[in-house]
Amino acid sequence: MNDRDLVEAALFVAGRPLTLIELESIVSIDADVEGIVASLVKEYGEKGALEIVQTDEDMVMQVKSEYADAVRPIAQRDLETPVLRTLAVIAFHQPVTQSKVAEIRGNKAYGHVHELEARKLVESEPHGRTRLLRTTKAFADYFGFETDSLEEIKQSIGQLLH
Amino acid sequence: MNDRDLVEAALFVAGRPLTLIELESIVSIDADVEGIVASLVKEYGEKGALEIVQTDEDMVMQVKSEYADAVRPIAQRDLETPVLRTLAVIAFHQPVTQSKVAEIRGNKAYGHVHELEARKLVESEPHGRTRLLRTTKAFADYFGFETDSLEEIKQSIGQLLH
Amino acid sequence: MTSGGGSDAVNGAAQEDFDERSIDILVSLAKNGEIDPWDIDIVDVTDRFLARVAELEKLDLRVSSRTLLFASMLLRMKSDALEESEPEDLYEEESVEDELQACFPALKSKVRRHAKRRVTLSELIQELKKATKRKEKSDVRRFMQLQVQEFDAVGLAHSEDIEGQVKHMKRELKRRFALRDQVLFSELIVDNTVEAIVETYIPLLFMATRRQIQLEQKELFGDLLITCKDL
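Protein chains in written order, with the working numbering: chain A, 940 to 1101; chain B, 940 to 1101; chain C, 695 to 925.
FYI, nobody ran anything at the bench for these hints, they're computed from the structure.
It cannot be assumed that every hint is accurate.
Keeping only pairs whose Cα atoms sit at most 25 Å apart, straight-line, the calculated BS3-like set for lysine-lysine is [to be verified]:
| no. | chain 1 | residue 1 | chain 2 | residue 2 |
| --- | --- | --- | --- | --- |
| 1 | C | K824 | A | K1039 |
| 2 | B | K1003 | B | K1076 |
| 3 | B | K981 | B | K1076 |
| 4 | C | K868 | C | K912 |
| 5 | B | K1059 | C | K923 |
| 6 | C | K804 | B | K1003 |
| 7 | C | K810 | C | K831 |
| 8 | A | K1039 | A | K1093 |
| 9 | C | K823 | A | K1076 |
| 10 | C | K831 | A | K1093 |
| 11 | B | K1003 | A | K986 |
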């Protein structure tokens, strides 16, 4: 086992940016992690579909941008389809009651709303015996809306729908 | 964009075994996917911490086993502990009915089996009113068993248990 | 609330009495610690509820027929629960005394990359389109169900002479069981209307509760297999 390979393996499995401290925790005590990362950045940059990108704080292994679109359908999404579908319904009908969403999406929607709230993509407030749901600023950021105004988001979605 | 890089990018983002058909869906129409995979297997095998492993049906990019333990703490959890435990019960008692697994593991086991089947680690066939479960070749492969014989797997697990 | 006996089921009070009795059974299960009211396992509750129903032989007939319907609803919920398990179940805490806890770490998986990518806006829109289509379909289905619901199965069970139906069914089954061990529900249906199906099903439910026959359904929505136990 050499330190270069340990850093490579770590960047590969993490699937997210790693800090120097995290990398240092797995290599041998006297390893020059910064030097290793710098040489990996160069090596990956020269050939293949992958790259290692380094910022001040951290470094990440990812697909070079020219290949990203082509392989997107193969990568796993961070929202499961049923949950995503419930989110789409909320975004389009918002502000909308939880019971209305359940009527459209079935009882599983309660679990989905729970997950979407935990992910902070949806927020709710009490509304009679049910709850009123709307998307959050984090939702707008996630999907690249320039605004977090509910009306404008609904309009954009409406336009894209037709 | 070249086909070798597309295959490499696809194996990287997938994080799971891909079939030839999946790979063929993203490369150019006249690409020799089998040839590309064979040469990637060789190339990765010669250096670095990663490997591409090919079975009859599919191929996967993963960390070489000598680096696995060192980077395991950094890797994102794959199967949740309760699901792993259900898988252990199936592997140890197989072939075993779904109802027997639910008896041991509780009703949550039905959801777990669903996930394990989707991951192709477990397969089932109808058996009266329930289903008979067993582990798959992918299971043997994923957990590093040298054989996919149910008897030998059960024996190995039995040894680990005691 | 008392369980079992004390029947003053006069017409108007019948519905209330039924509700009370069914709930009573559940409450007494909870009191005896047989179910945890805060953590209802529908499969387990159904099994225990049915077992308790079988014990309460002295129930007033009308109440008992409603209770059986209640039990059949529980059974339906049970089959739903068995059919699909919510994803959040996957991540529930496990009890520490699980004997396999210690063993599994010994089985080490290969280390692969499990990163997930973000969903794109166009994927969100695609899902919205699918959700809208599904909704339209389910609205059509609901409209069709409404037509069927005009027939009140519960009312029928309540007002008809159940014991008479049970007797009739017993005769019919004895005749068939004389020749073989098992009979299919579909063979007993003379007329393929909702009314006829319910009229055939309810006496069978009674007989099953009295352990005179056994009802089995090999697959969801499949035919019922009737086996003679003690006719």
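A quick look at each hint next to the structure:
With a C-alpha separation of about 17 Å, the suggested pairing of C/K824 with A/K1039 holds against the 25 Å cut-off. With a C-alpha separation of about 19 Å, the suggested pairing of B/K1003 with B/K1076 holds against the 25 Å cut-off. For the suggested pair B/K981 and B/K1076, the alpha carbons sit about 23 Å apart, so the restraint of at most 25 Å is met. Note on C/K868 and C/K912: the hinted pairing holds, with a Cα-Cα distance of about 23 Å set against a maximum of 25 Å.
Only pairs whose Cα atoms come within 25 Å are accepted, and B/K1059 paired with C/K923 is rejected, the gap being roughly 42 Å. Taken as a hint, the C/K804 and B/K1003 pair is honoured in the structure, with Cα atoms around 8 Å apart against an allowance of 25 Å. Restraint check for C/K810 and C/K831: the C-alpha separation of about 32 Å exceeds 25 Å, so the hint is violated. Annotation: proposed proximity of A/K1039 to A/K1093 holds, straight-line Cα distance about 17 Å (limit 25 Å).
About 23 Å separates the Cα atoms of C/K823 and A/K1076, which keeps this hinted pair within 25 Å; it holds. With a CA separation close to 24 Å, the supplied pair C/K831 and A/K1093 stays within the 25 Å bound. Restraint check for B/K1003 and A/K986: satisfied, since their Cα atoms lie roughly 21 Å apart, inside the 25 Å limit.
Going through the hint list in order, the structure does not satisfy hints 5, 7.
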